[in-house]
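This is what each chain is made of:
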Amino acid sequence: MEIDNVVCAFCGCVCDDITVTVEEGRISEVKNACTLGRAWFLGHSSNAHRPSGTVNGRPVSTEEAVEEAARILAQARYPLIFGLTSTYCEAQKEAIALAEVLGACIDCCTSVCHGPSGIALQGVGEPTCTLGEVKNRADLIIYWGSNPAESHPRHLTRYAVTPKGLFTPRGRKDRRVVLVDVRPTPSARAADIFLQVKPGKDFECLWALRALIKGIDLEEDAVADTGVTLAQLKDLADRMQSCRFGMLCVGQGLTQSRGKQMNTTAVFLLVRELNGFTKFAAMPMRGHGNVTGIDNVLAWQTGYPFGVNFSRGYPRFNPGEFTAVDVLTRQEADAALIIASDPVANLPRPASGRLSQIPTVALETRESETTKIAKVVITTAPAGISAEGTVYRMDNVPLRLRKVLPSPFPSDEEVLSRLLERVKELKHA
Amino acid sequence: MILITGRSTKQGTGLNKGKDSRDYQEAVRTLEMNREDMARFGLRDGDLVKIKTLYGEATFTCRQEKLPKGMAFVAYGSLSSRLVGGETHASGMPDSKGFEVEVVHLPRGD
Chain A
1 MEIDNVVCAF CGCVCDDITV TVEEGRISEV KNACTLGRAW FLGHSSNAHR
51 PSGTVNGRPV STEEAVEEAA RILAQARYPL IFGLTSTYCE AQKEAIALAE
101 VLGACIDCCT SVCHGPSGIA LQGVGEPTCT LGEVKNRADL IIYWGSNPAE
151 SHPRHLTRYA VTPKGLFTPR GRKDRRVVLV DVRPTPSARA ADIFLQVKPG
201 KDFECLWALR ALIKGIDLEE DAVADTGVTL AQLKDLADRM QSCRFGMLCV
251 GQGLTQSRGK QMNTTAVFLL VRELNGFTKF AAMPMRGHGN VTGIDNVLAW
301 QTGYPFGVNF SRGYPRFNPG EFTAVDVLTR QEADAALIIA SDPVANLPRP
351 ASGRLSQIPT VALETRESET TKIAKVVITT APAGISAEGT VYRMDNVPLR
401 LRKVLPSPFP SDEEVLSRLL ERVKELKHA
Chain B
430 MILITGRSTK QGTGLNKGKD SRDYQEAVRT LEMNREDMAR FGLRDGDLVK
480 IKTLYGEATF TCRQEKLPKG MAFVAYGSLS SRLVGGETHA SGMPDSKGFE
530 VEVVHLPRGD
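If you're matching them up, the sequences are chains A and B in order. Going by this note's numbering, the residue at position 145 of the first sequence is 145; the numbering climbs one at a time, nothing skipped. Start counting at 1 in the second sequence, then tack on 429, and there's your number in this note's numbering.
So that you can see chain A by itself, here it is in the shape it has in the complex (with noise of 0.2 Å):
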């Protein structure tokens, strides 16, 4: 049987036109997803063979993982709640109503991703766009710090690059693209530019462009140690400041590197100026599935998008106190529940390693570095294959997953509605 407009929820392009094939309940087949998308399809087809929950390694039903997970939950003094990128909003949602009766700290994949991103909208504000628009009125791209040819390959071919839109039906003919990076990624091969910039110069250069398209005068001493000719600056404001539609694309390279959030508020300031000039926006490439979406559930529930803080039965947002590699470092946390993520393989050891050391909570469709060192393991279906929801796309146009495979399993969002009335009931117990 085929299924079309299927949303694939890997990356945060979302890209709502997949058409999956699924034969003796398993998907065989997926047309028009990339090639991340069509892994994340198959890889995620099948987890029946899964025990549905372990506790100590030890194979258990939902109810049995479910009731030891509230058990630790409510015992514990500063719990963490952490994750939730893979996931969809109506479960984020459960997920926040724990946080605040057990008076956690929930934080979600943003703050190593795109937290600073987040710090500079709050800062200087985010001129932005839909992808919408950038595919309709777009003449020029940068990617900066961003290598979409292999983290997000359909955001060139679906919506930035090569699509023919309303103001640019030649496609690509119509458009200028630059990557702005510190290595000469596959994506080089889709600019027309490439400018290759020092590690850790980022700042300096869009500091520099800031002062070309207010006319200042810069001597080549201003740039003598970005890796970047001021000819080469002059020529990249030229270009903003005479196209029809500029787009900024803001990559991890801005945001995992020095200079962090004040990279990202160079960007929005930038962009925020060429808008006396021309049309001009940015957005955040957004890594995972529905990072968006926890962001934007997040602040509506709390008025902060991540690294927020119940234990006063209020919320609070300080980025280094209440965010998870923080809160896992300085050892803070004395138990945590994980939902779809990998914070074993992924956060630094320092607060990786802590995770080891407290009785860890963890929702996931499969097996991943994390559920080896978990205390309770819960077994969900996997979000966008087999359970439904709403995920939102890095320019926060909401889609609604389907399912399309029947699953053993409970989903996240049935899950963390039992671990919250069950956690409710042993607080008021």
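Simulated from the structure, these hints should not be mistaken for lab results. Careful, some of the hints might be misleading.
[As the list claims (entries may be wrong)] Covered stretches of chain A (chain B as the covering partner; in silico rule of three or more C-beta atoms under 8 Å from a C-beta of chain B):
1) 113-119
2) 229-242
3) 254-263
4) 364-377
5) 395-405
[As the list claims (entries may be wrong)] Some, not all, of what chain B presents toward chain A, calculated at C-beta under 7 Å:
6) 445
7) 464
8) 519
C-beta atoms are modelled at their ideal positions from N, C-alpha and C, and glycine is treated no differently.
Given the coordinates of chain A, work out where chain B should sit on it, guided by the hints.
Same frame as chain A, now just chain B:
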């Protein structure tokens, strides 16, 4: 050397096959350097290198790639995470890209 971590196609597709899959493990255990730097350290494709930072160390298989001089690249994964510290400078974000590392050439079999 300056180490850059990031997504690679093989790492991205490999993690969907499973983190114990051969593709994923190969992707996250490969360190890329340019030809001149490999020669400087006496390295050939397939040699093992130990990468050390203030926070930890990990062993990778070396491969020549087009990179700027003085820069190495590894795909995100549990090995690259061993090299990153927990300090976030009040941002929540650790220094995950562009940090200094020490390269040690390991004899085969180590």
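Hint check:
1. 113-119: Per the Cβ count (3), the hint holds.
2. 229-242: violated (count 0)
3. 254-263: holds (count 6)
4. 364-377: With 4 residues in contact (Cβ-Cβ under 8 Å with chain B), the coverage given for the segment 364-377 of chain A holds.
5. 395-405: violated (count 0)
6. 445: 3 Å, holds
7. 464: The hint is violated - residue 464 (chain B) has no Cβ within 7 Å of chain A, the shortest such distance being about 14 Å.
8. 519: 3 Å, holds
This entry does not satisfy hints 2, 5 and 7, going by the numbered hints stated previously.
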